[in-house]
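S.K.: Position 65 of the sequence shown, counting from 1, maps to 65 under this note's numbering, and the rest follow consecutively.
Since the hints were derived computationally from the structure, they do not count as laboratory data. A couple of the hints might just be wrong.
Stated by the list, open to error - What follows is a list of derived Cβ distance ranges for each label pair:
(1) Gln131 / Gly71: 54 to 64 angstroms
(2) Gly157 / Pro215: 51 to 61 angstroms
(3) Leu209 / Gln152: 40 to 50 angstroms
(4) Ile198 / Thr97: 44 to 54 angstroms
(5) Asp21 / Gly157: 12 to 22 angstroms
(6) Asp213 / Val94: 35 to 45 angstroms
(7) Arg77 / Leu209: 46 to 56 angstroms
(8) Arg211 / Lys166: 51 to 61 angstroms
Stated by the list, open to error - With a Cα cut of at most 25 angstroms, we get these calculated DMTMM-like pairs of lysine to aspartate or glutamate:
(9) Lys23 / Glu81
(10) Lys23 / Glu165
(11) Lys163 / Glu200
(12) Lys24 / Glu84
(13) Lys23 / Glu174
(14) Lys24 / Glu75
(15) Lys129 / Glu174
(16) Lys23 / Glu84
Using N, Cα and C, we set each Cβ at its ideal position, and we do this for glycine too.
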Amino acid sequence: MIFLSLVAILYGALVSLMQKDMKKLVAYSSVSHLGFCTLGIFVLTPLGLSGSVLQQINHGISTGALFLIVGILYERRHTREISEYGGISNVMPVYATITMIMFLSSMGLPLLNGFVGEFSILQGTFMEKWQWGAWAVPGVILAAAYLLWLYQRVFFGAVTNPKNEKLHDLTPREVATFVPLLIMAFWIGLYPKPFFQILEQPVNHTIALARPDYPQTGAAVNASAQAPAGTSEADAVPSVPIKGKN
Numbered sequence: 001m002i003f004l005s006l007v008a009i010l011y012g013a014l015v016s017l018m019q020k021d022m023k024k025l026v027a028y029s030s031v032s033h034l035g036f037c038t039l040g041i042f043v044l045t046p047l048g049l050s051g052s053v054l055q056q057i058n059h060g061i062s063t064g065a066l067f068l069i070v071g072i073l074y075e076r077r078h079t080r081e082i083s084e085y086g087g088i089s090n091v092m093p094v095y096a097t098i099t100m101i102m103f104l105s106s107m108g109l110p111l112l113n114g115f116v117g118e119f120s121i122l123q124g125t126f127m128e129k130w131q132w133g134a135w136a137v138p139g140v141i142l143a144a145a146y147l148l149w150l151y152q153r154v155f156f157g158a159v160t161n162p163k164n165e166k167l168h169d170l171t172p173r174e175v176a177t178f179v180p181l182l183i184m185a186f187w188i189g190l191y192p193k194p195f196f197q198i199l200e201q202p203v204n205h206t207i208a209l210a211r212p213d214y215p216q217t218g219a220a221v222n223a224s225a226q227a228p229a230g231t232s233e234a235d236a237v238p239s240v241p242i243k244g245k246n
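Taking the hints into account, I'd like the entire structure generated from these sequences.
M.R.: Okay, structure coming up:
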């Protein structure tokens, strides 16, 4: 499964780089992002598993916003072909600004939600086996490549298509749909501690049950053997600090 996760990360990113349709690009980018999620699950380290759960939340925020962004432009022009656009920031500056923020979120820029999840997954992967992490890192670089290249083609330069000259910017209702997504993107990026605190106990229980030999405190490893009668194995494992191999 780790091999398939790495294939998904790289394949999804490479196919996204070649797309001429914005919606297809976002769809294939989801394959790459979910490859990171499954990688974090199957390396079975506390950081990898915590990062995977958080990245699944991030994926819903960032990729959901990207589909909304594409849908807004399609509603105005009824085409998703990248070649039909150019210079959109000149006529839709608010839309261009929100799009850039969500693109940066999706590619994992520090201070935004995508960075926290991807960095945790990569850190947990490198702690388990550095070769796996080395194969996953190009997926981050390729994500920046296809998203920034898409932004450059759609938003920068002069308006070359006369049909785009009269496009109107976001309405207040449309801006309001992005506000919760923007708040969550910055909240997770700037202060992810509450999310990791919620995940700490179930993640450590999972690691202790799935990998009894994983380095943790002695109480966590031996808790199931010392549990009183009538206590389930999952309830017997206490919360332990998230840490890697010594």
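S.K.: Now tell me if each hint is right for this structure.
M.R.: Each hint, compared with the structure:
{"no.": "1", "hint": "Gln131 / Gly71: 54 to 64 angstroms", "verdict": "violated (40 angstroms)"}
{"no.": "2", "hint": "Gly157 / Pro215: 51 to 61 angstroms", "verdict": "holds (54 angstroms)"}
{"no.": "3", "hint": "Leu209 / Gln152: 40 to 50 angstroms", "verdict": "holds (48 angstroms)"}
{"no.": "4", "hint": "Ile198 / Thr97: 44 to 54 angstroms", "verdict": "violated (32 angstroms)"}
{"no.": "5", "hint": "Asp21 / Gly157: 12 to 22 angstroms", "verdict": "holds (20 angstroms)"}
{"no.": "6", "hint": "Asp213 / Val94: 35 to 45 angstroms", "verdict": "violated (54 angstroms)"}
{"no.": "7", "hint": "Arg77 / Leu209: 46 to 56 angstroms", "verdict": "holds (52 angstroms)"}
{"no.": "8", "hint": "Arg211 / Lys166: 51 to 61 angstroms", "verdict": "holds (60 angstroms)"}
{"no.": "9", "hint": "Lys23 / Glu81", "verdict": "holds (9 angstroms)"}
{"no.": "10", "hint": "Lys23 / Glu165", "verdict": "holds (22 angstroms)"}
{"no.": "11", "hint": "Lys163 / Glu200", "verdict": "violated (52 angstroms)"}
{"no.": "12", "hint": "Lys24 / Glu84", "verdict": "holds (15 angstroms)"}
{"no.": "13", "hint": "Lys23 / Glu174", "verdict": "holds (19 angstroms)"}
{"no.": "14", "hint": "Lys24 / Glu75", "verdict": "holds (16 angstroms)"}
{"no.": "15", "hint": "Lys129 / Glu174", "verdict": "violated (45 angstroms)"}
{"no.": "16", "hint": "Lys23 / Glu84", "verdict": "holds (14 angstroms)"}
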